[in-house]
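Residue numbers for the sequence shown follow this note's numbering, beginning at 1 and rising by one.
Since the hints were derived computationally from the structure, they do not count as laboratory data.
Just so it is clear, CB atoms sit at the ideal spot from N, CA and C, and this is done for glycine as well.
Be aware that one or more of the hints could be misleading.
Taking CB as the label site, the calculated pair distances span [as the list claims (entries may be wrong)]:
1. Asp111 to Ala145: 50 to 56 Å
2. Gln148 to Ser125: 18 to 24 Å
3. Gln8 to Thr119: 44 to 50 Å
4. Tyr86 to Leu52: 20 to 26 Å
5. Gly64 to Ser125: 41 to 47 Å
6. Ala145 to Asp112: 23 to 29 Å
7. Ala34 to Leu82: 51 to 57 Å
8. Gln148 to Ser15: 25 to 31 Å
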Amino acid sequence: MSLGGGGQQQLQQLSQEIQALEEEKEELENDIEALQAEKAEIEEAKEALDVLETGSTVQVPLGGDAYVRAEIQDIDEVVVSLGGGYAAEQSSDDAVDVLEERKDAVDDQIDDVREEISTVEEEQSSLEQQAQQAQQQMMQQQMQAQEQQQNGE
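Input sequences plus hints: build the corresponding full structure.
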């Protein structure tokens with residue numbers, strides 16, 4: 001019956017690998033949610049730049065969920081983060097272009113993560129099939145062992 005024990009060990013290993021893939025898939029799905037939230041913020045910023053005018057009153061976040069009202073002095077002076085801790089003052093049209101490029105980059109990241117999820121799902125499906133086959137082999141071996149015991153009695 002050592003074959004049956006080996007089959008059990010193989011099933012346990014496959015089960016652990018399937019669980020690890022499931023956790024990886026959940027992390028990737030969380031990454032997509034974060035990227036989609038970032039994309040929504042970019043869209044909000046673009047819409048605000050399209051709607052706001054010099055003299056408009058806005059709520060400016062101070063952090064810690066605190067806001068202050070402020071009047072826009074010049075909508076054509078927009079400070080946009082360039083990444084790496086750097087920012088630059090740009091016209092509102094140029095700022096919209098930067099935001100659009102950033103949104104496109106986020107879309108590319110989302111597509112990449114979705115491809116990773118597909119790869120993980122394919123691997124997970126393959127392992128599940130292997131586990132099913134291993135379980136069937138183990139059951140066949142157990143049935144054969146029972147038949148041998150009955151014939152030996």
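Okay, the hints, checked on the actual structure:
1. Judged by the Cβ atoms, the range 50 to 56 Å given for Asp111 and Ala145 holds: they are separated by roughly 51 Å.
2. Judged by the Cβ atoms, the range 18 to 24 Å given for Gln148 and Ser125 is violated: they are separated by roughly 35 Å.
3. At roughly 29 Å, the beta carbons of Gln8 and Thr119 sit outside the given window of 44 to 50 Å.
4. Tyr86 and Leu52 have their C-beta atoms about 24 Å apart, which keeps the hinted 20 to 26 Å range intact.
5. For the pair Gly64 and Ser125, the beta carbons lie near 46 Å from each other, so the given range of 41 to 47 Å is met.
6. At roughly 49 Å, the beta carbons of Ala145 and Asp112 sit outside the given window of 23 to 29 Å.
7. With their beta carbons about 21 Å apart, Ala34 and Leu82 fall outside the hinted range of 51 to 57 Å.
8. Gln148 and Ser15 have their C-beta atoms about 28 Å apart, which keeps the hinted 25 to 31 Å range intact.
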